[in-house]
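J.: Sequence:
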Amino acid sequence: MVSIQKGLIGDIPFLMAEKKENNGKALPLFIFIHGYTSAKEHNLHFAYSLAEKGFRVILPDALHHGERISSNPPKSMDYDFWNIVYQGIQDVNKIMEWADENEFVSDGKIAVGGTSMGAIITYGSLVNYPNISAGCALMGTAAHEKFARWQIERIQKAGYEIPLSTSELEESFNHIREYDLIQNIEKLNNRPLFIWHSEVDAVIPYEFAKPYIETLTKKNSMSVYMNDKTSGHKVSRAAYLNAVEWIAQQMNAKKETV
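Residue 83 in our numbering sits at position 81 of the sequence shown, with consecutive numbering throughout.
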């Protein structure tokens, strides 16, 4: 039976899924990060399936999401998107340190994954943390800077004023570049990476996935790519099942039927 526990790592609320008989044991760890405007509870199906396969799964709430929504949130979450991403990348490190301190990780096996914004955080985490064993990116983009510039252009074309000067924007883009996997491709270092994206995604358009997926798969023999032509910005059941099975295979976790 899979148990779900609530907890805090510093100021990060999380859910932890594991089989009851594995409580307290060192296990392969999977950190799964939700998407923009979502929350940790929305990915419990991933947590359950991976826990059944012998993982310990941590589902954190991102900054300004879930239990981290404050009484004084930013005026526009859209403008704070990349601050949420940066904080999410730092949160991954805090979670890994906490898991290590509690001897929760077996043989250093740590995978990180997520949907949409969570996938963007996953790519940035792979750039920053060489101790991550594998990544799983669903509906995200590894081209952080180009996507950020497109977001700003879209806001401006819609007639909204950006509350930042040109120099402030460029400073932000410089910072974003540091977490951009496409511009730091050598840091992937051939670690296993599962990528899924729909060709009809309107939120993170396919143009911010396909050419960069080709770059990743050519540069990294351990990358696996799936796509579809119907799902839009929603992970299909086929993608979910394939991602879970792939993660279990890559991390050498005990395989059991979902």
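Hints were generated in silico from the structure; no laboratory data involved. Wrong hints could be hidden among the right ones.
[Claimed, not checked] Simulated DEER-style distance windows between Cβ atoms:
(1) ALA160 - LYS27: 39 to 45 Å
(2) GLN7 - ASP230: 31 to 37 Å
(3) SER5 - GLU103: 19 to 25 Å
(4) GLU209 - GLU103: 40 to 46 Å
(5) SER5 - HIS44: 15 to 21 Å
(6) LYS236 - ASN192: 38 to 44 Å
[Claimed, not checked] Once the Cα atoms are required to be at most 30 Å apart in a straight line, the calculated DSS-like pairs of lysine-lysine come out as:
(7) LYS236 - LYS159
(8) LYS231 - LYS111
(9) LYS220 - LYS189
A virtual CB, placed ideally from N, CA and C, is assigned to each residue, including glycine.
J.: Evaluate each hint against the coordinates.
T.: Status of each hint after checking the structure:
1. ALA160 - LYS27: 39 to 45 Å: Violated, at about 51 Å.
2. GLN7 - ASP230: 31 to 37 Å: holds (34 Å)
3. SER5 - GLU103: 19 to 25 Å: About 21 Å separates the Cβ atoms of SER5 and GLU103, which means 19 to 25 Å holds.
4. GLU209 - GLU103: 40 to 46 Å: 42 Å Cβ-Cβ, so the 40 to 46 Å window holds.
5. SER5 - HIS44: 15 to 21 Å: The hint (15 to 21 Å, Cβ to Cβ) holds, given that SER5 and HIS44 are roughly 19 Å apart.
6. LYS236 - ASN192: 38 to 44 Å: Violated, since LYS236 and ASN192 (Cβ atoms, about 30 Å apart) do not stay within the stated range.
7. LYS236 - LYS159: Answer holds: LYS236 to LYS159 is near 26 Å, not above 30 Å.
8. LYS231 - LYS111: violated (33 Å)
9. LYS220 - LYS189: holds (15 Å)
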